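Enquirer: Modelling step: build the complete structure from the supplied sequences, incorporating the hints.
Going down the list, the protein sequences come from chains U and S. So the first sequence is numbered by the numbering used here: it starts at 1 and just counts up by one. So the second sequence is numbered by the numbering used here: it starts at 1 and just counts up by one.
To be clear, the hints were calculated from the coordinates, so they are not data collected in a lab. In this text, all values refer to a predicted model and were calculated from it rather than measured experimentally. A few of these clues could be false.
[Claimed, not checked] Only pairs whose alpha carbons sit at most 30 Å apart, straight line, appear in this in silico DSBU-like list of lysine-lysine:
no. : chain 1 : residue 1 : chain 2 : residue 2
1   : U       : Lys53     : S       : Lys66
2   : S       : Lys76     : U       : Lys53
3   : S       : Lys151    : U       : Lys64
4   : S       : Lys16     : S       : Lys76
5   : S       : Lys16     : U       : Lys64
6   : U       : Lys112    : S       : Lys26
7   : U       : Lys38     : S       : Lys76
8   : S       : Lys16     : S       : Lys58
9   : S       : Lys26     : U       : Lys114
10  : S       : Lys151    : S       : Lys16
11  : U       : Lys112    : S       : Lys90
12  : U       : Lys64     : S       : Lys26
13  : S       : Lys76     : S       : Lys26
14  : S       : Lys213    : S       : Lys90
15  : U       : Lys64     : U       : Lys112
16  : S       : Lys151    : U       : Lys53
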Amino acid sequence: MRILLVDDEAELVSTLAERLSFRGIEADWVTSGEEALKQVEKQRYDIAVLDVKMPRISGLALKKLLEEKDPQLKFIFLTGHGSEEDFAIGSAEAGEAYYLIKPVDLNLLIEKLKEIIRT
Amino acid sequence: MSWETIAREGFQFFGKMSASISHEIKNALAIINESAGLLEDFSILAEKGRPIDPERLKLLAASVMKQIQRADGLIKRLNRFAHSADDPIKIIDLNETLELLVSLAQRPAAMREARLDLVLPDHPVMAVTNPFLLENILWLFLDFLLTGNHKVVQLIPEVTGTGVRIRLVGQFGFPVDPAQAFPSEREKALLEALRGELEMEPQVGEMILSLQKNF
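Expert: Here it is as structure tokens:
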């Protein structure tokens, strides 16, 4: 499994990528939608994990752009939204993708990644 | 003057700023969470015989401390913002009020690829006004400018012969959207409540909010 992490908080995604690598999951990371669009041209990914709120290209907009480049790519969203209502709205907008609320439970993220790969 | 409009706008403004700050606090907590998790991973690996690099530990500790300071700063800002609604009339230093507003609005601006620059004089710019309503109307002005896709907006407080003024300087033309009436009823209601005046100078890219000396 190879995943791409996209979040404008570099310290968050770099640390998350390292922790995933300890668990046998190859994870690259970038800090903007623009970089993500370039990265998927260089490397194929199974899943993109996207922050919802990013400057310039939001996570939801990035999902659509990445899907155009790779229709097979699956998605998980990370959000700083705290409420169940926000979560529900975001999930509806994101279609079949999954939502996880920050701070992320790593075991839950891995569970979701595996679940997506299985389906 | 519609107090109903002012109250509705006030709640929306308070909600928007609180949501933005809580989102940033969540980001700081998320980084602390991952740093703590990585420390745990290193400990587990050390138990299995893999040595821990002290430099990595120092970096992780520094990262945690940085994020705690960040979250602490955010909470202090939120607290100051919340207290700006305490008094309907107060003597304020516009420099401090604008510093607070810019610190609150910088992230929403960054989300729109814009930056807010504060140009402060080396002396206080005192005003007697309603601090919360002033922050609210300035946010609406900024929101209008940022919707017009301005990359940089400067905020400049100044003393005038009759009171004070705040210049918002960008590169903008009016109307940005012909369908968007500005100032709309909400800005007009706030202007009236603040006894302020708005001048729009599209040729030189300025909006000027003037407040009288005596509220």
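Enquirer: State for each hint whether it applies.
Expert: Status of each hint after checking the structure:
1. Distance restraint check for U:Lys53 and S:Lys66: the Cα-Cα separation of roughly 21 Å lies within the 30 Å cut-off, and the hinted pair is therefore satisfied.
2. The hinted pair formed by S:Lys76 and U:Lys53 meets the criterion: a straight-line CA distance of about 23 Å does not exceed 30 Å.
3. The suggested pairing of S:Lys151 with U:Lys64 holds, with an alpha-carbon distance near 25 Å, which does not exceed 30 Å.
4. Restraint check for S:Lys16 and S:Lys76: satisfied, since their Cα atoms lie roughly 17 Å apart, inside the 30 Å limit.
5. Our distance criterion of 30 Å between C-alpha atoms is met by S:Lys16 and U:Lys64, whose separation comes to about 26 Å.
6. Restraint check: the Cα-Cα separation between U:Lys112 and S:Lys26 comes to about 21 Å, which is no more than 30 Å; the hinted pair holds.
7. Simply put, U:Lys38 and S:Lys76 have alpha-carbon atoms about 39 Å apart, too far for the 30 Å limit, and the pair is violated.
8. At roughly 37 Å between alpha-carbon atoms, S:Lys16 and S:Lys58 are farther apart than 30 Å, so this suggested pair is violated.
9. Among the hinted pairs, S:Lys26 with U:Lys114 is consistent with the structure: their alpha-carbon atoms are about 25 Å apart, no more than 30 Å.
10. For the suggested pair S:Lys151 and S:Lys16, the alpha carbons sit about 21 Å apart, so the restraint of at most 30 Å is met.
11. Simply put, U:Lys112 and S:Lys90 have alpha-carbon atoms about 52 Å apart, too far for the 30 Å limit, and the pair is violated.
12. Annotation: proposed proximity of U:Lys64 to S:Lys26 holds, straight-line Cα distance about 25 Å (limit 30 Å).
13. Proximity of S:Lys76 to S:Lys26 is assessed by CA-CA distance (about 15 Å); at most 30 Å being required, the pair is judged to hold.
14. At roughly 12 Å between alpha-carbon atoms, S:Lys213 and S:Lys90 fall within 30 Å of each other, so this suggested pair holds.
15. For the hint pairing U:Lys64 with U:Lys112, the CA-to-CA distance comes to about 20 Å; that is within 30 Å, so the pair holds.
16. At roughly 19 Å between alpha-carbon atoms, S:Lys151 and U:Lys53 fall within 30 Å of each other, so this suggested pair holds.
In terms of the numbered hints stated before, the structure departs from hints 7, 8, 11, listed from lowest to highest.
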